[in-house]
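**Q** Using the sequences and the accompanying hints, generate a full structural model.
Line by line, the protein sequences are chains G and E.
Okay, so the first sequence: first residue is 136 according to my numbering, each after it adds one.
Okay, so the second sequence: first residue is 136 according to my numbering, each after it adds one.
In case anyone wonders, no lab produced these hints; they're calculated from the structure.
Careful: at least some of the hints might be erroneous.
Identical copies look the same in the list; a pair holds intra-copy or inter-copy alike.
Unchecked claim - No more than 25 Å apart at the CA atoms, straight line, and that leaves these computed lysine to aspartate or glutamate pairs for DMTMM-like:
1. K431 / D291
2. K374 / D305
3. K262 / E217
4. K237 / E181
5. K426 / D350
6. K374 / E414
7. K419 / D305
Protein chains: 2
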Amino acid sequence: MIQTLRLGIDIGGTKAAYGVVNHEGNILAQGNVSTRGYANVDLFVETLYNAIKQNIPAILYEQILSIGVGAPNGNYYTGNIEFAPNLEWKGVIPLASMMKEKFSITVKVTNDANAAAMGEMMYGAAKGMNDFIMVTLGTGVGSGFVANGQLIYGHDGFAGELGHVIAVRDGRLCGCGRKGCLETYTSSTGIVKTANDFIAKYEKASVLNHQVISDSKQLFEPAKQGDLLALEIFEFTGKILGQTLADAVAITSPEAIILFGGLAQAGDFILNPTRKYFEENLLKIYQGKVKMLQSKLPENDAAILGAAALE
Amino acid sequence: MIQTLRLGIDIGGTKAAYGVVNHEGNILAQGNVSTRGYANVDLFVETLYNAIKQNIPAILYEQILSIGVGAPNGNYYTGNIEFAPNLEWKGVIPLASMMKEKFSITVKVTNDANAAAMGEMMYGAAKGMNDFIMVTLGTGVGSGFVANGQLIYGHDGFAGELGHVIAVRDGRLCGCGRKGCLETYTSSTGIVKTANDFIAKYEKASVLNHQVISDSKQLFEPAKQGDLLALEIFEFTGKILGQTLADAVAITSPEAIILFGGLAQAGDFILNPTRKYFEENLLKIYQGKVKMLQSKLPENDAAILGAAALE
Numbered sequence: 136m137i138q139t140l141r142l143g144i145d146i147g148g149t150k151a152a153y154g155v156v157n158h159e160g161n162i163l164a165q166g167n168v169s170t171r172g173y174a175n176v177d178l179f180v181e182t183l184y185n186a187i188k189q190n191i192p193a194i195l196y197e198q199i200l201s202i203g204v205g206a207p208n209g210n211y212y213t214g215n216i217e218f219a220p221n222l223e224w225k226g227v228i229p230l231a232s233m234m235k236e237k238f239s240i241t242v243k244v245t246n247d248a249n250a251a252a253m254g255e256m257m258y259g260a261a262k263g264m265n266d267f268i269m270v271t272l273g274t275g276v277g278s279g280f281v282a283n284g285q286l287i288y289g290h291d292g293f294a295g296e297l298g299h300v301i302a303v304r305d306g307r308l309c310g311c312g313r314k315g316c317l318e319t320y321t322s323s324t325g326i327v328k329t330a331n332d333f334i335a336k337y338e339k340a341s342v343l344n345h346q347v348i349s350d351s352k353q354l355f356e357p358a359k360q361g362d363l364l365a366l367e368i369f370e371f372t373g374k375i376l377g378q379t380l381a382d383a384v385a386i387t388s389p390e391a392i393i394l395f396g397g398l399a400q401a402g403d404f405i406l407n408p409t410r411k412y413f414e415e416n417l418l419k420i421y422q423g424k425v426k427m428l429q430s431k432l433p434e435n436d437a438a439i440l441g442a443a444a445l446e
Numbered sequence: 136m137i138q139t140l141r142l143g144i145d146i147g148g149t150k151a152a153y154g155v156v157n158h159e160g161n162i163l164a165q166g167n168v169s170t171r172g173y174a175n176v177d178l179f180v181e182t183l184y185n186a187i188k189q190n191i192p193a194i195l196y197e198q199i200l201s202i203g204v205g206a207p208n209g210n211y212y213t214g215n216i217e218f219a220p221n222l223e224w225k226g227v228i229p230l231a232s233m234m235k236e237k238f239s240i241t242v243k244v245t246n247d248a249n250a251a252a253m254g255e256m257m258y259g260a261a262k263g264m265n266d267f268i269m270v271t272l273g274t275g276v277g278s279g280f281v282a283n284g285q286l287i288y289g290h291d292g293f294a295g296e297l298g299h300v301i302a303v304r305d306g307r308l309c310g311c312g313r314k315g316c317l318e319t320y321t322s323s324t325g326i327v328k329t330a331n332d333f334i335a336k337y338e339k340a341s342v343l344n345h346q347v348i349s350d351s352k353q354l355f356e357p358a359k360q361g362d363l364l365a366l367e368i369f370e371f372t373g374k375i376l377g378q379t380l381a382d383a384v385a386i387t388s389p390e391a392i393i394l395f396g397g398l399a400q401a402g403d404f405i406l407n408p409t410r411k412y413f414e415e416n417l418l419k420i421y422q423g424k425v426k427m428l429q430s431k432l433p434e435n436d437a438a439i440l441g442a443a444a445l446e
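**A** What follows is the structure, given as structure tokens:
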């Protein structure tokens, strides 16, 4: 039987996950390679190609009709990755054309968060929604804005960089060179910095005392145990996220905001303070109207499914 | 000859301007009535109806096929005006149904800034653009966001409230009850407050010394004469506007931002500092790409033309 298969690739700051997706949104085969430590991008494309050829059964690979890539600062219109702060490849990387040459298959590229939004809209928590915001809380903070049932790519293909909205004027230095970007506070790395800052100054008893936090997941268990310092760290992070999301609502007035990525896995520990400060900071006409949801797709699959669906 | 005529109505904090528009975008007849001092909204609708019947020649009135209204917090989906801070009518006003009953013609309502955006897209500075932001700097600050060639109404019809994005956290008290909204600084009333605050504290010589400013236009002539205090007031206002617009670009990545309304008439005195701080605060990928333009439509006509075009 002939199937319509697509290859979805999610490129992140540490790894690139790929999967072969059928028309029902099932991932038939998948794998990943590192995105760090290559002398140049050609070597990465070469490595990715070899891994895919090796891991994807030939009977599936032969049926792949198109490749979709979600990548930081991926540009839908040009197929380039341009000035991605979280990747080792600097400047403008013509990823779509490089990959097309290697794979001999049509390649579409977009922002990894836009890809996640596509995945969520087709198979996840945003199914049937025409207006929503997808927020990815990973190594960085990304976003995909859907309005009138369509992804907002913007004039240049770079719309949806909520992670680089200034959340705190003159705040923390960001990888982008500016100060106070949302992602310096609410990415996995942002909350880790908050945690270590708070631990250094905390004078009461906490299971976190004298610990060095390197992963936001280290905060989940203390929070579950009701550790006040852990809860304070989530409260601080949720406040900044909630405030910034309240401002974003004033622009696109979505039905829902969907949180995705490592930090979103903290569930209610991050969702509750985010919701609280979000509602408090909303303009009256939006209060009580906007759902704040956790992604319904498995961590890796949303972006793969979304990328695969690019057209 | 039978024409396709539409009636466009622009409702603002002080007056409602109306005009009969033909298919080429020419306003064939127009007028306005106050929006203040009515005991209830019915009296306003009655007054508006009578004024239109009296001032619009019957031969034109008879050919009107539809009515479009741009109003603060006007909701495209419901036809209501809801909780508009700058109008005397509080709560939810079912304007479209009230007007339809009175005029016996189909009535569509939207945000006045959305209407201005429609006017600008069809006849003004945004002609041919698919992605732009219209910002109205009037009694309040409004905005219309166009992405993928469509107005963003949002899930509830209330998208595009850039005037209520928090420009300065814990800043000036806004009519909406929150603090630091963009409109408390960059509306006509916002810059008037800035002017009087700055004058009170200024210790050097200025033509503005000891003056009380009640209209932003009083600052235009001193600025033309190079008065440093007047220029400082525009600089401060442009800084806040530029910073906030830079954040909005990170969401919809427009081709242009179009400034409209009383304050925009200050031309380069407001445009230059706004452009400067806008560029300084943009994420690198957007720098040098986004045009900052002054509206090309006459002050009153943009919103009338836009409202008339609502479908």
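**Q** Next, verify each hint and record whether it holds.
**A** Comparing the hints with the structure gives:
In the homo-oligomer, the alpha carbons of K431 and D291 lie at most 25 Å apart only across protomers (24 Å), although the nearest pairing inside one protomer, at 30 Å, exceeds that limit. In this homomeric assembly, K374 and D305 come within 25 Å of each other (Cα to Cα) both inside a single copy, at 17 Å, and across copies, at 14 Å. Taking the shortest Cα distances, K262 and E217 never come within 25 Å of each other, neither inside one copy (30 Å) nor across copies (29 Å). For a Cα distance limit of 25 Å, the shortest separation of K237 from E181 inside one copy, 8 Å, qualifies, whereas the shortest one across copies, 70 Å, does not.
In the homo-oligomer, the alpha carbons of K426 and D350 never lie at most 25 Å apart, since the shortest distance is 28 Å inside one protomer and 41 Å across protomers. In this assembly of identical chains, the alpha carbons of K374 and E414 lie at most 25 Å apart only when taken from the same copy (11 Å versus 28 Å across copies). In the homo-oligomer, the alpha carbons of K419 and D305 lie at most 25 Å apart only across protomers (17 Å), although the nearest pairing inside one protomer, at 28 Å, exceeds that limit.
This entry does not satisfy hints 3, 5, going by the numbered hints stated previously.
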